[in-house]
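Residue numbers (the numbering used here), protein chains in the order written: chain A, 176 to 314; chain B, 176 to 314.
Hint data in this document are derived by calculation from the structure and do not stem from the laboratory. Treat the hints loosely; a few may be bogus.
Any copy, or any two copies together, can satisfy a pair, since identical chains are not distinguished.
[What the hints assert, rightly or not] Straight-line C-alpha distance at most 20 Å; calculated SDA-like pairs for lysine to any residue:
{"hint": "1", "residue 1": "290", "residue 2": "307"}
{"hint": "2", "residue 1": "290", "residue 2": "312"}
{"hint": "3", "residue 1": "290", "residue 2": "229"}
{"hint": "4", "residue 1": "290", "residue 2": "280"}
{"hint": "5", "residue 1": "290", "residue 2": "309"}
{"hint": "6", "residue 1": "290", "residue 2": "228"}
{"hint": "7", "residue 1": "290", "residue 2": "310"}
{"hint": "8", "residue 1": "290", "residue 2": "226"}
{"hint": "9", "residue 1": "290", "residue 2": "209"}
{"hint": "10", "residue 1": "290", "residue 2": "255"}
{"hint": "11", "residue 1": "290", "residue 2": "248"}
{"hint": "12", "residue 1": "290", "residue 2": "249"}
{"hint": "13", "residue 1": "290", "residue 2": "196"}
{"hint": "14", "residue 1": "290", "residue 2": "213"}
{"hint": "15", "residue 1": "290", "residue 2": "311"}
There are 2 protein chains.
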Amino acid sequence: MTDGSYEVHPIGRVESPLTDRAAAPRQGDEGAPDAWLVFREDVREGLRDLTEGAQVIVLTWFDRASRDALVVHPRGDLARPPQGVFSTRSPDRPNPIGLHRVTILRVDGLRVLVKDLEALDGTPIVDVKPVLDQDVAER
Amino acid sequence: MTDGSYEVHPIGRVESPLTDRAAAPRQGDEGAPDAWLVFREDVREGLRDLTEGAQVIVLTWFDRASRDALVVHPRGDLARPPQGVFSTRSPDRPNPIGLHRVTILRVDGLRVLVKDLEALDGTPIVDVKPVLDQDVAER
């Protein structure tokens with residue numbers, strides 16, 4: 176098994192009122208604010224079919240996370256028993272990729288406003304994908 | 176806006192009967208086979224709470240994809256009009272991260288069997304996350 180590594184090149188950044196990890200909600204449905212996705216000029220063509228009202232999955236890179244964590248206390252709550260990190264959504268994980276399902280509220284060129292995004296201001300964006308039926312239905 | 180880049184370190188590889196991208200089903204619900212996720216020894220502790228029957232999201236790195244694509248024909252079908260890549264699930268995209276929702280069928284140490292995984296044999300695995308309610312419900 177060869178392993179190697181791969182380079183992620185951010186395609187944009189999050190603009191959000193969230194600036195403090197300790198104060199951030201732990202999951203989007205617990206009151207995360209709306210946020211702007213601000214994309215790089217060089218990916219403009221890739222954005223052209225994003226529309227208001229669309230449900231998308233945004234992948235981010237938690238650039239302030241620890242990559243050494245394999246066992247964590249869920250939601251950072253020391254009263255809860257530690258769990259293997261791949262059974263949690265902790266930002267601290269070997270490849271700290273965030274997965275956020277959001278609704279697009281507005282599209283303004285390279286700026287896309289989305290609802291309820293739990294990601295700190297400045298967080299790099301690495302991908303955007305449409306939501307498919309198979310993402311939401313148990314099979 | 177500083178951009179930089181980040182290094183993804185694979186945590187394992189897919190073992191699948193799928194070896195040919197042209198012959199692979201385009202999405203998991205179109206008949207993808209069961210596949211083994213084979214993890215690296217150094218992430219063993221992170222796997223410890225994965226259980227049979229659990230629904231998880233597997234993130235992969237499409238190591239045979241093109242990273243230059245911004246506009247693609249959906250499913251590679253030239254008869255369909257080209258679309259911005261962030262409105263498609265094409266493996267060809269600036270950061271070729273695959274997102275697969277699957278059910279765990281068996282856990283055997285570092286080897287985890289999952290149902291219906293559309294990923295070629297040898298594809299690097301970069302993360303595993305539990306499915307949350309907010310991933311599957313429109314908000």
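Taking the hints in turn, this is what the structure says about them:
1. Proximity of residue 290 and residue 307 under a CA criterion of 20 Å is satisfied in both settings, with 19 Å inside one chain copy and 17 Å between copies.
2. Taking the closest pair of Cα atoms, residue 290 and residue 312 come within 20 Å of each other only across two copies (14 Å); inside a single copy the shortest separation is 22 Å, beyond that limit.
3. Taking the closest pair of Cα atoms, residue 290 and residue 229 come within 20 Å of each other only inside a single copy of the chain (11 Å); across copies the shortest separation is 28 Å, beyond that limit.
4. Taking the shortest Cα distances, residue 290 and residue 280 sit within 20 Å of each other inside one copy (7 Å), while across copies they are farther apart (34 Å).
5. Taking the shortest Cα distances, residue 290 and residue 309 sit within 20 Å of each other only across copies (13 Å), while inside one copy they are farther apart (22 Å).
6. Taking the closest pair of Cα atoms, residue 290 and residue 228 come within 20 Å of each other only inside a single copy of the chain (10 Å); across copies the shortest separation is 31 Å, beyond that limit.
7. Proximity of residue 290 to residue 310 under the C-alpha cut-off of 20 Å is found in both arrangements, the shortest distances being 19 Å within a copy and 14 Å between copies.
8. Only within a single protomer do residue 290 and residue 226 lie at most 20 Å apart by alpha-carbon distance; the minimum there is 13 Å, versus 32 Å between protomers.
9. Proximity of residue 290 and residue 209 under a CA criterion of 20 Å is satisfied intra-copy only: 4 Å inside one chain copy versus 35 Å between copies.
10. With identical chains, the CA atoms of residue 290 and residue 255 are never at most 20 Å apart, being 29 Å at best within one copy and 30 Å at best between copies.
11. With identical chains, the CA atoms of residue 290 and residue 248 are never at most 20 Å apart, being 27 Å at best within one copy and 29 Å at best between copies.
12. With identical chains, the CA atoms of residue 290 and residue 249 are never at most 20 Å apart, being 24 Å at best within one copy and 27 Å at best between copies.
13. Proximity of residue 290 to residue 196 under the C-alpha cut-off of 20 Å is restricted to the intra-copy arrangement: shortest distance 19 Å within a copy versus 35 Å between copies.
14. In this homomeric assembly, residue 290 and residue 213 come within 20 Å of each other (Cα to Cα) only inside a single copy, at 14 Å, whereas the closest approach across copies is 36 Å.
15. For a Cα distance limit of 20 Å, the shortest separation of residue 290 from residue 311 qualifies both inside one copy, at 18 Å, and across copies, at 15 Å.
In terms of the numbered hints stated before, the structure departs from hints 10, 11 and 12, listed from lowest to highest.
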